[in-house]
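Trainee: Two chains, two separate frames, one set of hints: put the complex together.
Here the protein sequences come in this chain order: A and B.
Sequential numbering of the first sequence, starting at 0, is according to numbering that gives the first Met the number 0.
Sequential numbering of the second sequence, starting at 0, is according to numbering that gives the first Met the number 0.
One or more of the hints may lead you astray.
Subject to a maximum C-alpha distance of 20 Å in a straight line, what follows is the list of computed DMTMM-like cross-link-like pairs (lysine to aspartate or glutamate) [stated by the list, open to error]:
(1) A/K3 x A/E153
(2) A/K4 x A/E32
(3) B/K196 x A/D131
(4) B/K283 x B/E217
(5) B/K15 x A/D154
(6) B/K15 x A/E25
(7) B/K444 x A/D146
(8) B/K15 x A/D15
(9) A/K3 x A/D22
(10) B/K444 x A/D137
(11) B/K359 x B/E285
(12) B/K15 x A/D136
(13) B/K444 x A/E14
(14) B/K196 x A/D136
(15) B/K15 x A/E11
(16) B/K444 x A/E25
(17) B/K196 x A/D15
(18) A/K4 x A/D144
(19) A/K4 x A/E171
(20) A/K147 x A/E25
(21) A/K26 x A/D154
(22) B/K444 x A/D15
(23) B/K444 x A/D12
(24) B/K15 x A/D12
Quick caveat, the hints were computed from the structure, so don't treat them as lab data.
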Amino acid sequence: MASKKFILGVYEDDEDVLNAVSDVREKGIKIHEVYSPFAIHGLDTALGYPRARMGVPAFLFGITGTSLAFLLTFWTMGWDWPMIVGGKNFVPFPTNIPIVFELTVLLAAYGMSFVFFGMEGLYPGSKPVIFDERITDDKFVMAIDLDKSGASEEDIKNALEASGASEVNVKEI
Amino acid sequence: MQVVSPIREHLVTGGKTLHDITEDISRHVEGNPTKEWKMVFGISLAVLAYGGYWAYQTWFHGLGNWGLNKTVGWAWDITNFVWWVGIGHAGTLISAILLLFRQKWRTSINRAAEAMTIFAVLCAGTFIFFHMGRPWLAYWALPLPNTFGSLWINFNSPLVWDVFAISTYLSVSLLFWYIGLVPDLATIRDRATGLRKTIYGALAMGWTGGARSWARYEDVSLILAGLSTPLVLSVHTIVSMDFATSVIPGWHTTIFPPYFVAGAIFSGFAMVQNLMLIVRVVYKLEDYITIEHISLMNKIITVTGSIVGVAYITEFFIAAYSGVQYESYAFVNRATGPLWWSYMAMMTCNVLSPQIFWFKKMRESIVVSFVIAVVVNIGMWFERFVIIVTSLHRDYLPSSWTYFTPRMGDIGDYLFTFGFFFVCFLLFAKFLPVINMAEVKAVLKSSSEKKSNK
Chain A
0 MASKKFILGV YEDDEDVLNA VSDVREKGIK IHEVYSPFAI HGLDTALGYP
50 RARMGVPAFL FGITGTSLAF LLTFWTMGWD WPMIVGGKNF VPFPTNIPIV
100 FELTVLLAAY GMSFVFFGME GLYPGSKPVI FDERITDDKF VMAIDLDKSG
150 ASEEDIKNAL EASGASEVNV KEI
Chain B
0 MQVVSPIREH LVTGGKTLHD ITEDISRHVE GNPTKEWKMV FGISLAVLAY
50 GGYWAYQTWF HGLGNWGLNK TVGWAWDITN FVWWVGIGHA GTLISAILLL
100 FRQKWRTSIN RAAEAMTIFA VLCAGTFIFF HMGRPWLAYW ALPLPNTFGS
150 LWINFNSPLV WDVFAISTYL SVSLLFWYIG LVPDLATIRD RATGLRKTIY
200 GALAMGWTGG ARSWARYEDV SLILAGLSTP LVLSVHTIVS MDFATSVIPG
250 WHTTIFPPYF VAGAIFSGFA MVQNLMLIVR VVYKLEDYIT IEHISLMNKI
300 ITVTGSIVGV AYITEFFIAA YSGVQYESYA FVNRATGPLW WSYMAMMTCN
350 VLSPQIFWFK KMRESIVVSF VIAVVVNIGM WFERFVIIVT SLHRDYLPSS
400 WTYFTPRMGD IGDYLFTFGF FFVCFLLFAK FLPVINMAEV KAVLKSSSEK
450 KSNK
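Bound-form chain B, shown alone (with noise of 0.2 Å):
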């Protein structure tokens, strides 16, 4: 018998059935693309190619076309990278940490964050890229007997950890992701025709939904999500540690790691849900995406970003009470000095617009979620610039203290990203199946309305 816990609201609503399910999420798959999605994918190629030209420029001309100086080195580049991967941690966490903690309300938004957080790991692997100068010696980061002799990298650098970080975690997310995929790529494969059915065929690898696939499938999940929730906390912790263990102050913290990671989570969960409020409205998919959904991940952007909060309190406190006037000056110039609007803005969108949630009225209204969700992006990406830009400077040398402004090759990589994510995101709302068809079969029963109206 199962039993359904009278507190949450139902995650499946309208009454669907089984066949509802596949009906409702193939639909998108099989169909032509609507005129939504054409206009957003024109506007999210436009972008492209005007960050790729930019992106063209900065490969091949160099980093001359960035806005760095020789005291601030570091700038939009780190600092969209890091926002990237933040972006990206919300996937392996709702795939993940919520299925170890058995969070039936994953199921629903798993299959679209995991996309996104291959797509934007991939984004920031595009500034560590851009960041090398010479992009087409990438290779070089890898430990690979080179043609210096046995020239090796240094592992005792954290941007060597960084990358094996970094790639270890797109793969593992890309595989987390295809395995999820691979019985509703069955479900699309049994459904379609001719080449369709080929190549849905080959992806779907010949599953069938036999008893011992599905708990042999079903235990490799667990693992997998075993394996990938340290995993996500791990590559926070690494990229916080290119900070953490410089002698720069106002990165030479032990609080980063968990900070970061938090900070990670409260962005990701804030784009899950710009994504998530689109496809629902373009693919009228309320039933599936419910308000339930949509006030926890607010509760989660609220916990997260107080999190965070208490995060920039503490590092301020801490760096008064260190003593060391280089690190209390460091925090000071932050809020006060040149940069303080940058401080300013964090602050504001990332703990103070969040608190709204405490109110049930705005956590479950769908515009105050997405305007707020918008709101922590922007706030997380310059919490990253505070903690770069302001850390940077303003350096131990007086003399060389200087100010940054970004020139349009900064802003026209971070377009480029942004345009090769939505581009990729968008390809697979079209091809893919946004919702897990399998998982909120197998959540139907307990958890719709369905089940309360017998």
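Same shape as in the complex, but just chain A (with noise of 0.2 Å):
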């Protein structure tokens, strides 16, 4: 497979990668992506991204797992096995609460987290590509991929200089 030209900029400061990014972009230079250590608030916007929607995933896991409660609870106690206890209804809502509130959170929470890992390509045995080793220290590292920044390689060093990057390394995956 043909190699894919990045050009990496380097910073020191999230508040530098975080001006950085409005200024590259000003350019008309495309982003690959921003790699940091830590979230930084605010880059996700600076980079154009649409809101990160996760509760939806949750709210759909999460009521799932309200409608598979209920219908666990009312139906084997209240239609496959009835059985009154304490004089209590075959179906007595109140006491099923406890349980409907469990599995909502179970698969709300495991539900969402799945699709999180799914999109972002998460598992044992993924081969990420790393730009730079740094990334995960102390260093914030914008990628511009060549092929696709609608810049020439010279003006993207140029932009990353410019917005204050302390290194501009070129990287072929």
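Mentor: This is the structure we're talking about:
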């Protein structure tokens, strides 16, 4: 497979990289991704990413949990093997609430997390592209895919340097 | 522009940089175990082995080696179960509730507290299995179609609610903990070589630290926190319902859910305090687990200790005010009956001892914090003992009144869980970063000494 050329701007500070994103984008250069050792608030907005809507899978899985729990408790206790315990109804709504609550939380948490793992391609054995091993330590790296950037290599390097990058490296992957 | 509150002390001292954080925390994962670690691990293994002998006796020869009798049918087992579940609560509280409240001071302690939660809940679960008598049939507690036809578990039973609550709590805590670990595992992966790189690489699951990943990660963390917050409250509420839904005087009270939750947070924080003070000294992490952290935890211990104090008094008042002679007697008997010493231990350890933290000097003293945290944990064990045993030993029939004396089986099984807990915690502290590097790095600017020295 043909290798791809990435231009990497290495920054020392989170505020620097956050400001650099706007500077680079204003010059019409498309950014592949920005990597950081911790979450930088506002970076996704600066990069023009849509809001992460992880609440949607959480809600959908949660509501599935609620429905399954109601189905399980009502069907088993009220239909399949009706049991009267302590004079309660076959399907006493209040006593099913703890089960319904727990299953809602369980499915919402696991469902959302697996969706997250799937979206991010996170699984044991995954072979990630690591542009610079210092990303998970103390450096902030802006990666620009030369083919998709819409600018020349020279212009990108100049733009990165002008935006405050302490190093500009080239990596072929 | 970051705004730094002038009333807050620094959360990271020693003028650390981002790289220093990586070095300071990763060092313990990458280096050989220290002499202190080996010593404590050896002791923990010995306790686990000794307790393991008694656990074996209980599992395979039955509950006859416990001091239970026909009147006191629950004693140390359920006391230990509720105590361990309570210990587990601080982890989720620190992780979830303090995250929702944007409390930055949680970042240094949340990782270890979450690990503590998982090990404590496993210890609690052990007592459920012990108490079953036939632990190999534990899966009967799950709603599985079984060999007896379609006979299902009884969803009206608080003990089934417990099964759902504890297992959900354990699974969700494990997930929360693991997701929190992923970025830090990637840090360790990127510093490692050889087999270690493969292992940590597999655990890090290909995390790269991209902006899109971080945005989703933050969203997932926040939603998990939102889900875990009612979960943590529900778990101890449901545990309290084991008692509250019964008709035993001393148990059948509506105050139990909030009172149990407050007690759980109280004892959980005390255990976090103990563990973090040990980790702080052994791993020399004084710059991350600062006096400010210790002081803040002590404030929570004082608040929750006072809440349980109010609950004790309220219970007493309501028992007298209810006009029910059995209820009134149960409470008078708690304080003045044959087990008065346990009631006094509970009141002294839980209500009186934390009040010392009203003094700043005491709140910021390492030795005092450690001692009081141990005292609180002892007190909270007694609280559960008082609720369970003093309520049972004097039942409706004076002819069956009795006393409870623990036997070696009770003590041995408790020791087993202690050994298990500390072995797990020490393995965690050796092989995984005890402090959440990514989160500490994120708050470094706004809360470190370096910022104000600029």
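Trainee: Hint by hint, note whether the structure agrees.
Mentor: Outcome of the hint check:
1. A/K3 x A/E153: holds (16 Å)
2. A/K4 x A/E32: holds (14 Å)
3. B/K196 x A/D131: Holds: B/K196 and A/D131 sit about 16 Å apart, inside 20 Å.
4. B/K283 x B/E217: violated (30 Å)
5. B/K15 x A/D154: violated (36 Å)
6. B/K15 x A/E25: violated (34 Å)
7. B/K444 x A/D146: violated (36 Å)
8. B/K15 x A/D15: With a Cα-Cα distance of about 19 Å, the restraint between B/K15 and A/D15 holds, given a limit of 20 Å.
9. A/K3 x A/D22: At roughly 24 Å apart (the allowed maximum being 20 Å), A/D22 and A/K3 break the hint.
10. B/K444 x A/D137: Between B/K444 and A/D137 the Cα gap is close to 13 Å, so the pair holds against 20 Å.
11. B/K359 x B/E285: Distance ~19 Å between B/K359 and B/E285 Cα, so the pair holds.
12. B/K15 x A/D136: At roughly 13 Å apart (the allowed maximum being 20 Å), A/D136 and B/K15 satisfy the hint.
13. B/K444 x A/E14: Answer holds: B/K444 to A/E14 is near 10 Å, not above 20 Å.
14. B/K196 x A/D136: Status holds; Cα separation ~15 Å.
15. B/K15 x A/E11: Status holds; Cα separation ~14 Å.
16. B/K444 x A/E25: The given pair, whose Cα atoms are some 27 Å apart, is violated under the 20 Å limit.
17. B/K196 x A/D15: violated (31 Å)
18. A/K4 x A/D144: Answer holds: A/K4 to A/D144 is near 6 Å, not above 20 Å.
19. A/K4 x A/E171: holds (4 Å)
20. A/K147 x A/E25: Cα-Cα ~16 Å, so holds.
21. A/K26 x A/D154: holds (9 Å)
22. B/K444 x A/D15: holds (13 Å)
23. B/K444 x A/D12: holds (10 Å)
24. B/K15 x A/D12: holds (14 Å)
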